[in-house]
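Chemist: Quick note, the sequences are listed as chains D and U, same order. At position 197 of the first sequence the residue is numbered 790 (my numbering), and the sequence of numbers has no breaks. At position 265 of the second sequence the residue is numbered 1039 (my numbering), and the sequence of numbers has no breaks.
Some clues are possibly wrong.
If we take Cβ atoms under 8 Å as the criterion, some of the chain U residues that face chain D in the derived model are [to be verified]:
#	residue
1	GLY848
2	VAL881
3	ILE884
4	ASP888
5	ALA936
6	LEU973
7	PRO1131
8	ASP1156
9	CYS1193
Calculated from the structure, these hints are not laboratory results. Note that CB positions come from ideal geometry on N, CA and C, so glycine has one too.
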Amino acid sequence: MQPETELALADIIRKARAPLSIIGGGTRLRPGEGQADRLRTTALRGITLYEPEALILVVRAGTPLADVQAALKAEGQMLGFEPDARPGSTIGGVVAANASGPRRVQVGACRDALIGVRFVTGDGQIVKNGGRVMKNVTGYDLSKLMAGSRGTLGVLTELSFRTTPIAPVSQTLSLPGLDATAAIAALTSALTGPYEISGAAWLPGHGAILRLEGLERSVSIRRKALSARLAEFGELTEGDPQAWLLLHPNIHSDGDLWRIICRPGEAPALIASLPHVVAVDWGGALIHALVPAGTQPALPKFSGHATRISGDTQVILPAPDPVTARLNAELQGRFDPRAILQGAG
Amino acid sequence: MQMPEPDQRVIARRDAISAALRAAVPDAVIDDPAETRAYECDALAAYRCPPLAVVLPASTAEVAAILRICHAEGVPVVPRGAGTSLAGGSMPTADAVVIGLARMTEVLEISTDDRLIRVQTGRTNLSVSGAVDGLGFFYAPDPSSQLACAIGGNIGMNSGGAHCLKYGVTTNNLLGVTMVLMDGSIVELGGPMGEAAGLDLLGVVCGSEGQLGIVTEATLRILPKPSGARPLLVAFDSSEVAGACVADIIRAGILPVAIEFMDRPCIRATEEFAKAGYPDCEALLIIEVEGTAPEIDEQLALIRAIAMRHAPIEFRESRSEAESARIWLGRKSAFGAMGQINDYMCLDGTIPVSALPKVLARIADMSAEAGLGVANVFHAGDGNMHPLILYNANKPGDLERCEALGADILRLCVEVGGCLTGEHGVGIEKRDLMGVQFAPVDLEAQMQVKDVFDPRWLLNAAKVFPLDASASRREGRPNAA
Ligand SMILES: Cc1cc2nc3c(=O)[nH]c(=O)nc-3n(C[C@H](O)[C@H](O)[C@H](O)COP(=O)(O)OP(=O)(O)OC[C@H]3O[C@@H](n4cnc5c(N)ncnc54)[C@H](O)[C@@H]3O)c2cc1C
Chain D
594 MQPETELALA DIIRKARAPL SIIGGGTRLR PGEGQADRLR TTALRGITLY
644 EPEALILVVR AGTPLADVQA ALKAEGQMLG FEPDARPGST IGGVVAANAS
694 GPRRVQVGAC RDALIGVRFV TGDGQIVKNG GRVMKNVTGY DLSKLMAGSR
744 GTLGVLTELS FRTTPIAPVS QTLSLPGLDA TAAIAALTSA LTGPYEISGA
794 AWLPGHGAIL RLEGLERSVS IRRKALSARL AEFGELTEGD PQAWLLLHPN
844 IHSDGDLWRI ICRPGEAPAL IASLPHVVAV DWGGALIHAL VPAGTQPALP
894 KFSGHATRIS GDTQVILPAP DPVTARLNAE LQGRFDPRAI LQGAG
Chain U
775 MQMPEPDQRV IARRDAISAA LRAAVPDAVI DDPAETRAYE CDALAAYRCP
825 PLAVVLPAST AEVAAILRIC HAEGVPVVPR GAGTSLAGGS MPTADAVVIG
875 LARMTEVLEI STDDRLIRVQ TGRTNLSVSG AVDGLGFFYA PDPSSQLACA
925 IGGNIGMNSG GAHCLKYGVT TNNLLGVTMV LMDGSIVELG GPMGEAAGLD
975 LLGVVCGSEG QLGIVTEATL RILPKPSGAR PLLVAFDSSE VAGACVADII
1025 RAGILPVAIE FMDRPCIRAT EEFAKAGYPD CEALLIIEVE GTAPEIDEQL
1075 ALIRAIAMRH APIEFRESRS EAESARIWLG RKSAFGAMGQ INDYMCLDGT
1125 IPVSALPKVL ARIADMSAEA GLGVANVFHA GDGNMHPLIL YNANKPGDLE
1175 RCEALGADIL RLCVEVGGCL TGEHGVGIEK RDLMGVQFAP VDLEAQMQVK
1225 DVFDPRWLLN AAKVFPLDAS ASRREGRPNA A
């Protein structure tokens, strides 16, 4: 099913008698998702409004991410949260997954750039929230609630974003000799100074990588200061600007992929406990690791959570506390009382 | 302003309720009518009502104990930070217990490595930055009330400030909270990077105006302080040209930390009061950029080039701390200045920046029609307007005309694609205009969220939603049935 209008989509949902899986491009599915009858959003496409001088974009949910990125690039702008461009990915899927890339350390996640939504609830109601202005505290912020809800509360039909100007100069710098643990200390040192770092990660073969963006003279001044600050970790060299694209998890055949969110200060202990770290992003707050298939990593106590993102079923450690679990379940019950919506990607 | 009838059965049990509260939290209960009067309103002082009692807990556990009692007794609860809300968000009703967070001001943790600070939510906004200042960090959201307002209130209202063009508002700088639900259960929301495993509950709690739970602790993102900052002032002979200049600056990819706009009536009033030496002009912009001195020079040169294309009547770049202070002086004293010469009502609508010229022209017409002056000062980078409607409180009928004009201006904001409030919140002030911006299903979806967090609608329930829209839920309270 691939409705061409929001009204048609609402009608399908109202008439549905069995669960539906909401699918954009199907590129961000997690274990267990996409199993029910598929309701595709890809026919709901097109940019409804773009005002570069106001940094505002409104776009229908099924629009390919690539189209959105191209339209913005033509005006020297971008989605600041830098979602990874998986072929076929839709903007609705990006929001449903709250997909956010390296620049999150500077400008925040997808949910931070999302300023308005339209969606259809599980009982077929068309709801709007937020709008097309950056500052808005009129009523509850359901846009945030929808971001990352993975198609369990409603089907997103239209999204509004705050866009970000593309900086004239972008420089990737690296400390190639560092292993993951040593990299955390270097990234922390960089992020705790006034350098306006727009990416701070670690990759095998690349070491610690940092990104500086802005006006030309400004970048060169900050680069000098940063080199001095990081001298104890080695010489800051020109890095590979393509490295940022490698940070996104790929499916591996030799184990299950886990995504771990933690405080950067907790990252070294977590890294030490993991058999194979694939990548570290967000200055140490995001770790991707491979764990032998079907097993759970023995993680030290930490303040975030770990999610298995490949395999058959989703696993989240630690399990949510009972109050949070109740709030999650009841919200889902309210927005989708007949349990029609079965998740998206 | 209409408020629901207080629950007489709650009022009749006042002494028993006070006694129960006192037993749970000795020395924290205020129920002497002479003292509860201090809590009868917030900064929207036109509306007042002393509460049943006030409790000033010192810990999350005490908040939980108080809420368990209120929940069991069916007593409405109003959370309160510093009471600086301009929307009546912390105004009580006669049957309500106010829970004030003013004693909960501790810093619980600072980690510069993790770029965060954890505080009790009664702590003031400015003192959060103060706690990390010596470490070279700051907390970005900076409402003008930052000396007084509490972090809990900032979270309640999702407050912003002059610098939010670059750093975002409260929701973009909040990583987690400890919150007590109305039934007394304690929950932690958010996590590292502000991210929890399930739904983004933190995102919906921020800005929910004390209706979902009482936030007792908050983890906030702190940022390294920039090396320096410098403002410039540009004056124009038309508001339209000033608006076009703002658009061009943003279009050029420059993101200053602040772009503030003042129109002639506002400049004139401010000059009489603060004598900042602003030029005689129709509109002026104050633009601030950050970085090391050479970085600032580089940005200012670009802004200068853009501004010059709009033939400004004056372009003033600060070259010293003293000049910077003078440039900001007028803007910072604008509200106080207006208050000296007139009674005024401060609106808080948001519009798409592209609609600025049209909206300013319409406001001028509407102001003439209503026979009331309007002065405009606002955050131009993000379209958050603060039209100040001048009236005479002693003149019969003036307040009513002022309120009607205010409502018309807010309707105009929505009509051009904006919204009713950009930072002050809905509270009781804009509650009855919510239908202008939202369809019934939109409001219903929001109220469903409240149903889940506070099924009996005891927390600050007469706010945000039009009274008729929330009536059946509020009246569904078991004790009121
Ligand atoms: C002179 C002046 C200038 C202002 N400038 C700005 C500005 O620039 N930007 C801006 O955004 N606002 C501004 N405001 C409005 C106001 O200061 C903000 O809304 C502020 O966040 C309110 O904080 P407070 O602690 O005073 O909250 P209160 O007024 O006590 O409460 C505000 C709301 O939050 C709820 N609440 C308070 N504490 C908690 C808690 N712990 N848990 C759950 N809910 C809670 C209350 O129930 C109420 O709904 C200004 C106000 C004044 C008087």
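Chemist: Now, for every hint given, state plainly whether the structure supports it.
Modeler: Each hint tested on the structure:
no.	hint	verdict
1	GLY848	violated (21 Å)
2	VAL881	violated (17 Å)
3	ILE884	violated (12 Å)
4	ASP888	holds (5 Å)
5	ALA936	violated (12 Å)
6	LEU973	holds (5 Å)
7	PRO1131	violated (13 Å)
8	ASP1156	holds (4 Å)
9	CYS1193	holds (5 Å)
The structure does not agree with the numbered hints 1, 2, 3, 5, 7 stated previously, though it agrees with the rest.
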